[in-house]
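The listed protein sequences correspond, in order, to chains A and B.
The opening position of the first sequence corresponds to residue 1 in this note's numbering, with each subsequent residue numbered one higher.
The opening position of the second sequence corresponds to residue 271 in this note's numbering, with each subsequent residue numbered one higher.
The hints are simulated quantities; they were obtained by calculation from the structure and are not laboratory data.
As the structure is a prediction and not an experimental result, all values here were calculated from the model.
Positions of the beta carbon are idealized from the N, C-alpha and C atoms, including for glycine.
Mixed in with the good hints there might be a few duds.
[Unchecked claim] Computed beta-carbon distance windows for the label pairs:
id, chain 1, residue 1, chain 2, residue 2, range
1, B, Pro441, A, Leu156, 22 to 30 Å
2, A, Gln39, B, Arg407, 45 to 53 Å
3, B, Gln300, A, Arg42, 30 to 38 Å
4, A, Gly234, B, Thr412, 39 to 47 Å
5, B, Pro441, A, Arg166, 33 to 41 Å
6, B, Asp347, A, Thr71, 45 to 53 Å
7, B, Ser363, A, Ala167, 48 to 56 Å
[What the hints assert, rightly or not] So, partial list: chain B residues that the calculated Cβ filter (under 8 Å) puts toward chain A:
id, residue
8, Ala313
9, Phe336
10, Arg354
11, Lys446
12, Arg457
One-letter residues, chain by chain:
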Amino acid sequence: MSEMDAREELENLLAAYALDALDSAERVEVEDLLNRDPQARRAVERYRETAALLAFAGTDAPPGLWDRIETRISGTEDGHPPTLRLPEPAPIPQVGAAGKVVDLAARRTRPARGWLAAVAAAVLTVTGILGVQVWRQQDRIDRLERQAASLRADALRRAATDAARRAEARTVELRSPDGRLAARVVYLPDGTGFFRSGNLLPLGPQRTYQLWALVGDPQRPTVISAGVLGNRPGLAPFHFTGPVVGFVVTEEAAPGVVSSSNPALLAGTF
Amino acid sequence: MVPYRSIVRTEELRDAGDAQLALAIARYHQDALAEAYRRHGGAAFALATRLLRDRALAEEVVQEVFVRLWNDPERFDPDRGSLRSYLLAITHSRAVDLLRAEGARRRREERDARHQAEAGYDLEREVEDLLLAEHVRAALATLSDGERSAIELAYFGGYTYREVAGLLDQPEGTVKSRIRTGLQRLRHALTETGARG
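Extracted from the complex, chain A is given alone in its bound form:
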């Protein structure tokens, strides 16, 4: 079989897999391939997206079905354990006027060693399981947050690029007095703006860069905060409406200030 034939055969299998039209032996083989080959995974996802359009019906699911799903996920169905939540911090017992000192020794009975050992083992087991579960839950949240952050970053980059391409967009280069630091602001008539830093250094956790709009008379502008940029500014959106003539960046104490007497790190006018 030539390489082209082999590739076509593989594509055929991937398409059939996407429609669940393989027998179990072939399905296992394809799944093994999908674990190793991101290109093959993408192909299956494309086929599934197309198939999903065929399946798309604008009908309502039967009444009552959601109630049953809700019952299942709430863990109230007989025999179904409650879904694990990330633990809330345990309340700290208060000791004070209302507190009572209890003589534990007087209340304690001597437990049988076997019983104690069994309880200890059970507690350790449960703790171990919960620990693993909590770790897994946190891990999945972390991964989803990373995915969401990645999508947000992509969307932000696209929005900034689109804004810069618009005919009505105004762009200003901001520079430090010695010319070594630089940033760029794209500003639209509706007040939408994007700040993109060139080489601003990261700041400590208690510090932040802050963007200020220069408004009004270019010779004697009023300085108004246009947003806090954080301590590691890359690309940041902001919104500010007014007769803006330029922008200034300062370094401030986090989380930012209402007015500043700090020197401008970067400045630029249209």
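Chain A is fixed; fit chain B onto it per the hints.
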């Protein structure tokens, strides 16, 4: 863009994207799962019903699909496709698994025989009620009869390509190839008409 922490209110969930919904589900916001169900539950149920021809079984499948999303939302990767596509893929897969169980297969074949005797069916009929019916119909028109039959039997019938080959009395390789070229043609046509795919 809706920041995560602000999407826990039901009315705002309606504007949330797939990734945000999945994240909220991972945070155990039932409202987020309810929103996913509101958007896609009907389609999942329609697909499961179409395959299984049994409302009770279809409801079980849909229930399983959404409980699975609740328990394992990280299995859905928004970079790799839409939530709808993901949910329908697992709906289809689960329904096909049930179909291929011996008993279910026998019952379905009996029902199929009755159904076909009453109405007959073709792919256009199956997509009559689709939200994107016009686009999908136009795209289906670009397929050859062989491609349409192969996709129909595999996707809506739940048959393997080998079974489809037997039903259509065609070589297995031909059927496999028709499924692939048919899907590619559909995707191309749907993209051209502006529908997703």
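How the hints compare with the structure:
1. B:Pro441 x A:Leu156: 22 to 30 Å: violated (51 Å)
2. A:Gln39 x B:Arg407: 45 to 53 Å: violated (31 Å)
3. B:Gln300 x A:Arg42: 30 to 38 Å: Roughly 32 Å apart at Cβ, these two residues keep to the hinted range, so it holds.
4. A:Gly234 x B:Thr412: 39 to 47 Å: holds (45 Å)
5. B:Pro441 x A:Arg166: 33 to 41 Å: violated (56 Å)
6. B:Asp347 x A:Thr71: 45 to 53 Å: Given range 45 to 53 Å: violated, Cβ gap about 28 Å.
7. B:Ser363 x A:Ala167: 48 to 56 Å: Once the Cβ atoms are compared, 49 Å apart, the range 48 to 56 Å for alanine 167 of chain A and serine 363 of chain B holds.
8. Ala313: holds (5 Å)
9. Phe336: holds (5 Å)
10. Arg354: For arginine 354 of chain B, the interface hint holds, since the closest Cβ of chain A sits about 6 Å away, which is under 8 Å.
11. Lys446: holds (4 Å)
12. Arg457: holds (4 Å)
Going through the hint list in order, the structure does not satisfy hints 1, 2, 5 and 6.
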